[in-house]
Structures are given as structure tokens and as C-alpha cells.
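Colleague: One-letter residues, chain by chain:
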Amino acid sequence: MIAVTPPRSSRRATEAGLLALAGLIIGAAFALVSLGRNQTLPANLVPFSVGVFALFLGAHVGVRKLAPRADPLILPVVVVLNGLGYVFIARLNDKLAAQQAGWTALGVVGFIATLFVIKRVRMLDRVRYTVGLAGVILLILPLLPGIGARINGARIWVRLGVVSFQPGEFAKIALAVFFAAYLVERRELLGTATFKVGPFMTPDPKHLMPVLVAWGFSLVVMMFQRDLGSALLFFVLFLTVLWIATERASYLVVGTTLFGAGAYLSWTLFSHVQDRVSMWLDPWQDSQDKGYQIIQATYAFAWGGIWGTGLGVGLGRRVPIAESDFIFAIIGEELGLVGATAILVLFLVLVGSGLRVAMRSRDPFAKLLAAGLTTLVGVQSFIIMAGVTRLLPLTGLTLPFVSYGGSSLISNWVLAALLVRLSDEVAEREEPSPHDDHTTVIAVTA
Amino acid sequence: MNGQLRKLAVALMACYLALFVKLNFLQVIDAKELNEEPGNGRSIARDFNRPRGDIESADGELVAHSVETDGRFKYQRQYPTDDLFAHTVGSYSLLFGSDGVERRYNEELSGNTADFRLRGFLDPLVEEPNVGTVRLTLRADVQRVAREALGTRPGSVVALDPRSGGVLAMWSYPSYNPNFTSLNDATSARTFKEAYDKAKDKPLLAKAFRERYFPGSTFKVVTAAAGLESGAVTETTPVFPAVNGYQPPLTNRPIRNFDGATCGGTLFDLLRVSCNAGFAEMGAELVGPEGMIGQAEKFGFNERPPLDLGGVAASVFPTEFGKRLSNGDDPDDAPVFEDTPRLAQSSIGQGDVSATPLQMAMVAAAVGNGGSIMTPHVMSEIRDRNGEVVEPYQPSVWKAPLSEANADILRRGMIEVATSGTARAMGIAGVEVGGKTGTAQLGTDPPRSHAWVIGFAGPPGEQAQVAVAVLVQGQPGASEQTGGKVAAPIAKRVLEAALAPSR
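So the sequence lines, in the order shown, correspond to chains Z and U. Take the position in the first sequence, starting the count at 1, then add 951; the result is the number in our numbering. Take the position in the second sequence, starting the count at 1, then add 129; the result is the number in our numbering.
Extracted from the complex, chain U is given alone in its bound form (with noise of 0.2 Å):
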């Protein structure tokens, strides 16, 4: 019977090890994973019970701070301009987790970071818990204006500025109000996430950089862009013949402009009546797959845009457009591929190509800002309980699309459409501003079509100081002049208000 009680013993050694086993991957191996897991509150509870850090705009208008109640747990979270930043901002939700700055500087906000230990550490005699205060670079009073131009259309607006990247301006439209989806009350915060998940235009989604639509012919910009890098286009060759439609290779299918119209000529007569036929000749015969695909990239596309946010979605352009054919018609012209007619169709916004606002704001911000797009961020400085700045944001260069040379010269192109082009509309007075429309068609019975404007600012000769892009979901009618007519205001509006000192 020994020889069994060994085997038992042996047995029960093998049961308790596997414990042992099983445990050291809930706490070790796995415990960071479940810990950030969304419905896990427990990291939320525990700083559900002490005060956590403000949130303020850049204009110094208070976005979220903790209240206490009488409830569960010490505090909950509130937000004084309700919808207005609930994108960015997100929402500190005991039911739902938390998003937005809520989520990426958790650790500032709550006091968690070793920086913020260490300073709470040295004095002692401070009873208030040292947590940090997040001051965005968004400022209230522009944001304000984006929701009021936009109105009740769905859309969004991002303004940036191209010299730093911080954004002034993030909004889409529906959103949602934070205040109700962070109640501590259970009941009351599900009835209201449940009310969001069902309403119309996904409310709690922030579009502005977290979903992808067809950009239309704001995306000629980065065509132009690739043209002129490439060595193909200058800013008065070649003069493009004035055609009503272009065939690009392999097809019988023209690409025709809107309308029926006749276009043609310089980089700068194509881009200031968004002529899709030379566009469309320009990508697919002059620049073709590689050098397409190469600049799409250098502007940020087929990449997570850097954003102190998460769930940034990544633009996207095709990266493949199948086999190389044969030589071009010309010389100079780029080989024939056997996608060549979906590389005109992408050439001028459609197809394949998806992009978010915040990376068509960030095209414009390129052009704006002598060819750099600097990283886009929405923390402009961390703060602690003494109001010393900790954590000051350090500006970067993310991408670097184009020379400064060829920079200028679409600044001087993009002026133009807002002078004397399709983007009339967005032009202010005593100020330098640049633009390009979009109309992306998305059915024709009805018609209708997402209404887009991509453009900068700044005082007349000197950098740009604001990049904005506008985008009007789903509007009716399918001509070019629904950007201009739509989006524009809008753009402008923004603009404007951006350029005005803040607060």
C-alpha cells in the first residue's frame, strides 16, 4: 500500500504544482494584460476612491475633474463641456473603462507614474494626493466654433497646427456626453452606452481619427505632391491637353471629370478646377505604382499616425497594382501595370484609397509647413499639484513628405484654389489660405457624396499657422462644387477662429 501512498503523494505534488503553475500566469505572465483589460475596473476603483487630475484646454477652460459623491466610491468623474471633447477626452467610466486622454495619461492623471511617487514622496506634509493635470492642446473656443459650423451634419472637423502638431481642434459630429456614460450608477450608465450603441451615426465613435472614408479630390494633393517629387511635374510643365475624360491604359473606361467639363493645363489649372483627368493621366502614366505608393506613405498612409491616442486608425492606399506590362506610350512616361486603371481611379481619391480626417488634416499641414508633418499629439503639457510643468510635450518630426522647394510650390497652387478655385469659399480676407476640395461620390440614386476641404492658414508670406480638414458625411448631390459649397464655410470658420489669439 506504501507504493500507492507515494504515487498519491506524487499525484497531489503534481495537482498543487499546476496551481502554482496557473497562478504565475494570472499574476505575473498575464496580470498586466487583465489589469488594462476594458472591463476589469479595479485599476478605475482604486482611483475611483481619491481625487484624480484635471483636464483643461489649451485656453484654460476645465474638461474633466473628479467630484466627489456619496455613492460606491469617493469620486466620480465629471465634464464640464459635456460633448464638446468627448472624442479626445474620452470618458472615466467605472462600467465601461476609460478612453481618450483618460486612458493614454492614466498614469499622470491618477499620480501613478515613478516621476509622480517620487515628488509626493519628498513632501510628506502635502495632504492633497499628488496627481497630475493635463492641459490639451486643443483650445475650447475653436472647438466650439468646429461644432457650431458643423452643426447637425455628420462630419468632422480637425484643425492642427502644422508648426508643432498640436491639435487645435478634434471634433465629429454626433458625439456623445461623457457625464452620462461615467455615472458611477450602473443602471443609469448602461442605459445611457446602450442608448449611444443604438443611436444613428455612432455617436461615441470618434470619427475624426478612428474611421476611414474615400477623401475624393483632396487626396490630388499628395498626387501633386508625388508628381513634383518625382521629377515629372513641375509648376509649369508639362501643359496637360484640355480633355473632358482620361483612358488610361487596359480600358475603354474613362476617367471623366465632373460634370463633362474640359480641363487641363498647368499643375496649377488642374488643381484649381480639381481636374480629374490630368490627376488621373498624372498618377497613373507620369508618377505610376511605386513612386504613388511612395509618397501616399511619406504622407503617413498604411501607418498608425502617431497620436497620443488610441485606436488611431491608419489611412490606406493599395500597395500593389500587379505586374508591370510594357513601357509607357512616351519616353518619360511610367511603364504600364496591369492595375494601371485602379492606380488613375486612386490617383484622384477613389478606389481603394480610405483616409481619416486626421490624416487629410495632416496632408494639408505638410504642404503648410515646408513639407514636414510634425507628430500629431493632444497633450501640451502634464502639471503637477504645485503647478510645475513635469512633463512639457517636446515636438517631433514625424513625416517628411516633401522639399521645402516643392512645399512652396503646392502652397502657392493650393492658394490659388482658395483664391480663384474650388475652395473660394474658405478665403479670408488679409490672411494667406490655401485649400482643396473633395467630393467623394458614394451613389448616385440618389446622389450623393462626402463633402470634403483640406487647407491651411497663416499671415500673408509666413508659415502656416493652422492646417484644417473638414469633412461633411453623406451630403446630397455629386458635383466638384459640393466641397466648396459644404465644407468650405466651414473650413473657414474654423480657421479663422483658430488664427485669433486665444483666450
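Here chain Z stands alone, though its shape is the one from the complex (with noise of 0.2 Å):
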């Protein structure tokens, strides 16, 4: 695949221009509502234009400076994404709402100030082993007594004076730098077949100690604090990122039947996870009660058809907790089959920058960083959509980007950072910068 870079200064007006459709969009989408509920323009239309334009501004001017190849698509869409999901909280919530603006805003600040930090992301491959602690520690936080917190059954959450979030947001961006880390090097080792188990040749367990423990750690903690969600997540991202660092397809095998193990002894031990898998092949057998958020929601997707109710003026609030988890169901209501299609079609183009950008990694880490990124990008949003449509039971995520929540969005835009960073090493191994042209002169004449 030969991949034409266009110029960088005509990807940074893409960009821009991506971004002018965003703010349009959400914009709109803001507007919609409120005449939708109150057949009023919001009175804070302006402010709000100005402060969605400043901020998205700020995150342009900062790929720009830090950034300037990055790939043009990734910021976009993580605007529209986290703007929609805005326009749809504060259409619920607008408590939430004026707090989820604060989140945007430190989100974007996460943003540059990642992109500031971390010039090469090779950084990260140095620090791997405190990387991987703070996030084992992270993810133990919400399991010590006197700060942990538990909301909503789960335990993951962390209390500190007036400032509450959940740890294993960022977590998963630090055990993702971990592992792909860690498999870089290892993974000739791991990619060779010396030890016999039955009929099989695996690689010497010793090898894969330290991940398994990592593994196992994350999923018992996930238990503990009855997180299925991202125990799921975690695993899934494992298991990819070992599985393309070995190209052994063997460890797929095995880690599917391991986690049908796991799922299965949880399934018989947690009366929790009982709960999820009867709800998703029955909700109407407790449709008072536990089946009630999901039958809610799937009658939101019904009402919703093709077209959607129109902005503001869906049913809801008849969704409990619609802000966060079920935020999906909400935007197939008022959007219909074409909003949350567009949504899905979003997630790809995400999925699709960071996939692209792994591929053309030449460097390993770098590679399996994006890869690792991506992996957990596009499964989050897969495991809670699918969850919301009944498609798989149902596990506790936010949605990126979207759902309400401070840690899951600051966490995210992070994420999106590393990512743009990712693709602007990647661009500038292509594009033959000045100084490159500088050194190989230098070299000729030598």
C-alpha cells in the first residue's frame, strides 16, 4: 500500500475546515434542542457558540504548533463526537451539563498539554515499567478503604475531598503503553514456539508471566469492584496487542477459551453476572425492575424509526441514567436509525485514522501503541453500543467521547492525543522535512 501524504499545511486546513463543519453541527444540534423543548432559541446560544469555537480553536492552534502532520480527521471527529454528546446531556441534564462543559474544556486542556509533553512517544516505551505500576495502582485505587467509592454498584471510583473519579479511566491508557511496551520486547521470544502443551507448541510460559499477571490483576480487581465492562475491555485489548505483536493467532485461541472460562465461572459465581445475561436474552421477564433500562432503552431506539423524534423532544428521561451508559439509546431516539448510524460511521473513521496510522508505523511500539489505542477506542464503544441495542449483555462503559463523565472524557482526549501524535511521527518519517533533506546532503558530501 503506498500511502500519499498530502502536504502538511493542507492537512491542517482540512482539519480546520472539519472543525468549521463541527462547530456548525453542534451548534445546530444545540440550537435544535432547545426549540425542540421550549420552541426557544437558548438564550445562551452566543456564549455557548463562542465557547465551543474558543475551545475547539485551542485544540486546532495546539495540533498545529505540536502536531503539524498529524492525521486531519482524528480531531474532528472526537469535536463532533464530544459536542453531540454535550448538546444530548444538557437536552437531559443541565446540571450535568454546565459539568460536562468544565470536563470539555479540561479535556482539551489534556489534549495539548499531552501533545506538549510527550514530543516522541518513544518517551513512553523508556518509562514502561513506572507507566505499568500507576496503572496498577490506578486500577487498585478505588479498592482502598477511605477513598474508594462505590456508585451505582460499581466500586471505581476514587474520592478525594470534593473531587470524585474513576482511576480506571486512566488505567487503560497506561496499561495500553504498557503492554505494547512490554510485547515489543518480547515479542520474538513470545513468537517462538518451544514448549509443548499436549498436542500443542506454546511459547515458554516464563515469558508470559508478567503479562498474564498483569491480566489476571486487572481482571481480578475488575471482579472485585464488579466492573464488567472493562474487565471485558482490558482483556480484549490484551489479547490484541499480544496477538499482533506475536502474529501468533494461537494465543487468540487460547485467550478466548480462557476468558469462556472465566466468563463461564463468573457467570456461575456472581449472581450480578447472572443478572446481565438473563436481561439480555430476556428483559421482559423483570421488565419493573432489572430488565427495566434496557427494555426503556430499546423502546427509545423503536420510537426513534428512521428519522429519529427530532432534537429535544424525545422521551428521554423515561431512560434512567440516560446521560452516561445508555447516552446511545437517546441519540437513536431523537436522531432515529440515521443519527446512530452516523455515530457508528464516526467511530470508524476513528478506528479507521488510528488503524491506519499502526499500519504505517514503522517503529513496533509505536505500532502496537496505536494498535493497543484504537483497539480500546473502537471495543469500548462497540461493547457499551451493543450492550445498549441488546446486542451483547449488557457492561457498565461510557461511550467515548459522548457519555457524561469527567475521568472517561479527560481520559479519552488523551487518548486522542497520543493518537494524533502517533500519526505525526508517522507523517514525518514520510514527508521528508528540511532538516532531513539537510542531513542527507550532509551525508552525500561526506
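By construction, these hints were calculated from the structure, which means they are not laboratory data. Some hints here could point you the wrong way.
To be verified - Far from chain U, some chain Z residues (derived; all Cβ distances over 12 Å):
| # | residue |
| --- | --- |
| 1 | Asn995 |
| 2 | Leu1008 |
| 3 | Ile1069 |
| 4 | Met1074 |
| 5 | Leu1095 |
| 6 | Trp1218 |
Said to hold, decoys possible - Stretches of chain Z that chain U covers, calculated by requiring three or more beta carbons in the stretch to come under 8 Å of a beta carbon on chain U:
| # | stretch |
| --- | --- |
| 7 | 1191-1197 |
| 8 | 1254-1260 |
| 9 | 1286-1297 |
| 10 | 1306-1315 |
| 11 | 1322-1329 |
| 12 | 1334-1346 |
Beta carbons are placed, not taken as given, at the ideal position from N, Cα and C, and that holds for glycine.
Given two chains presented individually in distinct reference frames, assemble the corresponding complex, making use of the accompanying hints.
Modeller: What follows is the structure, given as C-alpha cells:
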């Protein structure tokens, strides 16, 4: 595949153009929600538009300065998702919307700061164990007495004074970095089958130990935290990166079998896992209690039909806690099949951008990191959308960039910054910069 | 590693494609079904935030309307007539969905038909939402008489206008108060619903058209019609021998007359005393399986009557009486079948025959209306906010079970029953009344039975204006007199009320 990279100025112009379009979509949606609900334009339409404009202009300028050759699609897609998410949260709950606006600002700051701090992804490779340890600590935090807190059944929160956050959202990035760095180091060993288990040749288990430990550890922590969605996500991340690094499909087979056994075991052990499965198979058996939320989400999608009820005129509040995990159902209701599909396409564009970066990276660490981060976004979105539409059993996760939640939003902006950084590095290598020309000249004269 | 990345890309694409397919199922293919699920209050919630059209009785009484509330939704449904029309109008509940007219004419009541939308669009200056008002064919005055006459005995009363098929009254006891089940407050509504669910005799069930009962001797009208239509029976022939029982072929268990009485004679004689032996023989041997099945189905048995309400039960007549075994004793007789004894039972409304009160009212209506049954309905017209009729009901014939000549014979036969037979208690001075009683035995220890009467009434020499069916469930006693004693007086009062001009 020959990748033709347009010049950087044109890429940034594309980004600016797409961002303008994104701003227009968000502004229009914001106005329409208000028209739909109260038949009036929102009073704060102008300050809102200015705020949106300023925020995303800041992100754009940040990319221009710090990662000028970056993929022009990532930022606009993230902006549209974040903006539409905000509009839907505002439509459901004013107070949460104000908070989400703050989180968005912090997310953009985190985005720029990440680009500023991480000038080279190699930097992350060097601190792999520190990052890995940080990831582990972040995962344990909610279980510590005193600061850990259980909200809506899952013990995934940390409360420090007035601030509470979900460290797991940040842990997932740390673990993606750690997995990539660790597996790059060991890929040769892991890819060589030297150990015989029955009829199968597998790599020596001792090379796998640290990864298995990390994986088992995160799974156990997740079980204790009752956070099935994250457990599933971590597992898929781990397996995917391992498979890509070693190019051995046998890991997929073994891993999936392991996971199947683990899933079955937790199904027999934990009543909340049984509930999730039975409510997936038939939520109507307990339509007023356990199945209520998923049934209401199903009804919301059906009510939306092809074209949706229109922004602000759905009956979103019938779905409990719709602004968080179930926001996709409200989008499906008010924007219909068309709008829900648009969200799917936006995530696919993001996934496509991420995988393109991974394919074009020559550095194995960058490749694995890009693949890992893309898997995180793509799979997390899929798991929660599949749960809400009852394609799979429901496991609580946020819809990246769209759902309400500071930790989720900020960590995903950081994740997007890393993808932007990776894409910039790829383009840098492909596009001979003036500096590179100079080097060549010197080499020739020497 | 790029090979794996490509596979990963394909896998994620497949995942999202599966999501897209699932969305299509949710939002397009199954959407209508999901929207109409009774537990899905969405269409209701939408309509609870805007006023909904009124429902009124044929004599102009307000039966259902929307009132403003300060709860979660702007409006709540109220039923000023309480339990009176509950089984017909249904209730419109946030929690339990809707039923009856509220469900059947939901689109009109909420202004959702293309017609109403267009009309609303054409005069945009009118603030009032364009929702339809449904006027029923049921009359509040007749309905009240039915309620009062039946009292606290479980049962049903159905009165129809045989000329149009319009239902004039349709009452079942016990009934329920839709004001309770339609409360927006979920806790109260649920409490009431649970209490009704547990209550004796199923007050929530519209028994008049959703429950089947053994019709007993009222079914003899169908058997008589079969005899006439088959040509085997006329007004004067045959003359059935006076016997106290009839023993069908292939069995030694005779079908006895009530109280061991002896009866026989012409068709009218049989009708007048509700002679079991004669009608059993008529159905089993003169008409035969094919003729009986055909005639019952011509009256609408084994088919859901097209009443404009949901959940209408089909009445049942057996469709199979086994293999043909031999010819009858006489050349005119129907051949003998394996189940001819069962056919004899069915011919007097026992065995495997069951009918809704609505169906039996339509049997009487056919006799009173020159042989045809009009499509039964409860909606008479729908008006828009300006009072303009947008959807008048167009009467149509549903079934034509009898020729005009045979209908007239049967009509005179039933008039005799009401003047000098078992249905004497429903006779009204100065009015031509026809009737047929029925007593469907439920058990002998203690003897209990359903008391039935069906009939029609009109000015002398003119077409009948009302047809009626009355069922009083599980009455003590098992004599043929039960129907005439218990049900006929109720029918009489309802007929009188329906014949009186409405207010």
C-alpha cells in the first residue's frame, strides 16, 4: 500500500475546515434541542457558540504547533462526538451539562498538554514499568478503604475531598502503553514456540508470566469492582496487542478459551453476572426492575425509527441514567437510525485513522501502541453500544467522548492526543522535512 | 504485524456492521411492534402531554376526557361515567397501556391520522390541538338500565341495533372503574390494578365479547335456522312425535327433556317449550354435520366478529364429527357419522358449543333483521375540533345466515316463544317481541346453570329495532325455566329502554 501523505499545510486546512463543519453541527444541534423542548432559541446560544469555537480552536492551534503533520480526521471526529454528547446531556440535565462543559475544557487542556509533554512516543517506551505500575495503582485505588467509593453498584470511584474520579479510565491508557512496550521487548521470545502442551507448541510460559499477571490482576480487580465492561475491555486490549505483537493466532484461541472459562466461572459465581445475561436474553421477565433500563432503551430506539423524533422532543428521561452509559439510546431515539448510524460511522472513522497510523508506523512500539489505543476506543464503543442495543449482554462502560463523565472524557482526550502524536510521527517519517534534506546533503558531501 | 492489523480492521468493521444490523431491527423492522407493546408507555406519554379527544355516548354523555394535572405529565384521562362503559371504552393508562375504544381509535383521539394532521396544518392559527371526538353507538340510558337490571349477578347484557350493527348497550358485571387504573400516579394505579386482578369474577375482563359460555337452548335458534335453510324443516313439517327424550344413533344414552317433560310437534311447538328431543333429532338426523357446521359458521361461529374493539373472542362450534358410517333410517335423513351423538348434544347448545354474549345477540339480530347480520360496531362517528364529522360509520353486512322467508318464519316462531312460551317474561305490551331462553347446566351438585335469553323487539309488523342477549352466570337451579325467570326480565327492561327514544 502506498500512502500518499498530503503536505502538512493542506492537512491542517482540512482539519480546520472539518472543525468548522463540526462547530456548525454542534451549534445547530444545540439550537434545535432548545427549539424542540421550549420552542425558543437557547438564551446562551452566543456564549455557547463562542465557547465551543474557542475551545476547539485552541485544540486546533495546539495540533498546528505541536503535531503539524498529524492526521486531520482525528480531532474533528472527536470534537463532533464530544459536542453532540454535550448537546444530549444538556437536553437531559442542565446541571450535568454545566459539569460536562468543564470536563470538555479540561479534556482539551489535557489533549494539548499531552501533545506538549509527549513530544516523542519513544519517551513512553522508556518509562514502561513506571507507567505499568501507575496503571496497576490506578486500578487498585477504588478498592482502598477511605477513598474508594461505590456508585451504581460498581466500586470504580475514588473520592478525594470534593473531587471524585474513575482511575480505571486512566489506567486503560497506562496499560495500553505498558502492554505495547513490554510486548515489543518480548515479541521475539513470545512468538517462538518452544514449549509443548499436549499437541500444541506454545512459547515458554515464563515469558508470558508478567503479562498474565497483569491481565489476571486487572481481571481480578475488575471482578471485585464489579466492573464487567472494563474487565472485558482490558482483556480484549491485552489479547489484541499480544496477537499483533507475536503474529500468533494461537494466543487468540487460547485467550478466548480462557476468557470463555472465566466468563462461565463468573456466571456461576456472581449473581450480578447472571442478571446481566438473563436480562440480555429476556429483559421482559423483570420489566419493572432489572430489565427496566434495557427495555426502555429498546423502546427508545424503536420510538426513534428511521429519522428520529427530532432533537429535544424524544422522551429521553424515561431511560434511567441516560446521560451516561445509555446515551446512545437517546441519540437513537431523537436522531433515529440515521443519527445512530452517523455515530457508528464517526467511531469507524476514528478506528480507521488509528489503524492507518498503526499500519504505517515502522517502529513496533508505535505500531502496537496505536493498535492498542485504537482497540480501546473501537472496542469500548462497540461493547457499550452493543450492550445498549441488546446485541450483547450489557456491561457498563461509557461511550467514549459522548457519555457524561469527567474521567472518561479527559482520559479519552488524552488517548486522542496520543493517536494524534503517533500520526504526526508517522507522517514525519514519510514526509521528508527540510531538516532531513539537510542531513542527506551532509551525508553526500561527507 | 500489518496482516494482523488488517484482520483487526475487518473484525471491528464486522462488529460495527452487526451493530448497524441490530439497529435496523430495533428501529425499522421491529419498531412498530415495540412501540405498540402494552408496557411501552411512549406513545401514551407523548399523548399524555397534550389533550386527547373526548369519547361520548350516543346520547351525548361525556364518557372520557383529558384533564390537566400537575404531575409528571400535563394530562390525565378521566371517565365521568366510572364503571359504566369500562369494558367498551377501556382505559388509557400510563402504566398499563390502553384498551377498548381508547386503543382502537387511538390515532383519531390523539389526532395522529393523516387527515387530522392535514386539517391541523391547514388552519395553523387555531391554538387548540386537532384531536378527534369519538361518539359511541352505545346509549348511556340503555347502558344504565342494563347495569341496574343485572345488578350484582355476574353476567353480561348486549343490545344491538339489528339494522346497523351498532351496539346500544354492552354491560358485564362485575366491571371496573377506569379512573383508578388510569391514574398517572404509578403506585396507586398499580394497587388498584392488583386488587382488580385478584377480585372474584375478573372485573377487568370484557365478558360480553371476550369470554365464551355454553349457549344452552338459545343455540336452538341456530339449529332451527339450519333446519329451515336445509329444506328439511318448514313451518308445518315435520311434526315431531311427542316424546320425553331422544336417543341418537350409536348410543344408548338418550337426550332428555327438562324435568322429563314430553314434547313434540311442529317447529313452533318445539321452540315454544324449548324441546330438547326435537332439536337434537333435527340437528343430528335431519340436518347432519355439514349443515349444522355450515349454518353455525354462517351466523359467525368459528370466526372473530369484526367488532371495532380488540381481543374479540370467536364463538365455537365443532368442525368435525368423524367419518360417515351409514345412511339414515329414512331416505330423507342425514347419514350417520361417528360423532352423531355429539352432534345431537351440540344441536341443543351443549357439548363443545360455546358462544360470547355478543355472538348470541347477533343470532337474534339476524332473525329480527330479515336474515342478515350487520357488522357489529361501537363507533358511530368521529368529529374534529370544529365538530365536523370526519369519519361517519358506514354500516355493512357481515353475514347473511338466513333467507328473508326463513328469517320471517323464525321471527314469528320466536315471537310465539315470547308471547306464549318460555320467554313470556320479556313480552312488552304494544311491542312485537321475539325471544328464546336458554339454561346451560354447569353441574348438578348443587344444580347451577347459566341463564340465557336472546331476543329482538320492534313496533308491530315492522323491522326489529333492538336485538338483545342476556347472560346471568352460574345461577342456582337447572330447570329450563331458569333462563325465562332470571334472564328474560332483564332483557325486557333493556328492550324497553332501547325502544324509548333517546334523550
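Colleague: Please go over all the hints and tell whether each is borne out by the structure.
Modeller: Hint check results:
The Cβ of Asn995(Z) lies farther than 12 Å from every Cβ of chain U, with a closest approach of about 25 Å, so its non-interface assignment holds. Even its closest Cβ contact with chain U, about 31 Å, leaves Leu1008(Z) beyond 12 Å, as expected for a residue assigned away from the interface. Once the 12 Å rule is applied to beta carbons, Ile1069(Z) is consistent with being away from chain U; the minimum gap is 22 Å. The Cβ of Met1074(Z) sits about 22 Å from the closest Cβ of chain U, beyond the 12 Å cut-off, so the non-interface label holds.
Distance check for Leu1095(Z) against chain U: the nearest CB is about 35 Å away, which clears 12 Å, and the non-interface claim stands. For Trp1218(Z), the shortest C-beta to C-beta distance to chain U comes to about 22 Å, beyond the 12 Å cut-off, and the non-interface label holds. Using a Cβ-Cβ cut-off of 8 Å, 4 residues of the stretch 1191-1197 of chain Z lie near chain U, which meets the minimum of three, so the contact claim holds. Here the stretch 1254-1260 of chain Z counts 4 residues with a CB under 8 Å from a CB of chain U, which clears the bar of 3, and the coverage holds.
With 5 residues carrying a beta carbon less than 8 Å from a beta carbon of chain U, the stretch 1286-1297 of chain Z meets the three-residue requirement, and the given coverage holds. For the stretch 1306-1315 of chain Z, the stated coverage by chain U holds: 4 residues have a C-beta nearer than 8 Å to a C-beta of that chain, and at least 3 were required. For the stretch 1322-1329 of chain Z, the stated coverage by chain U is satisfied: 3 residues place a CB nearer than 8 Å to a CB of that chain, which reaches the threshold of 3. Counting residues of the stretch 1334-1346 of chain Z whose beta-carbon sits less than 8 Å from any beta-carbon of chain U gives 5, enough to reach three: the coverage restraint holds.
Checked against the numbered hints listed earlier, the structure breaks none of them; every hint is satisfied.
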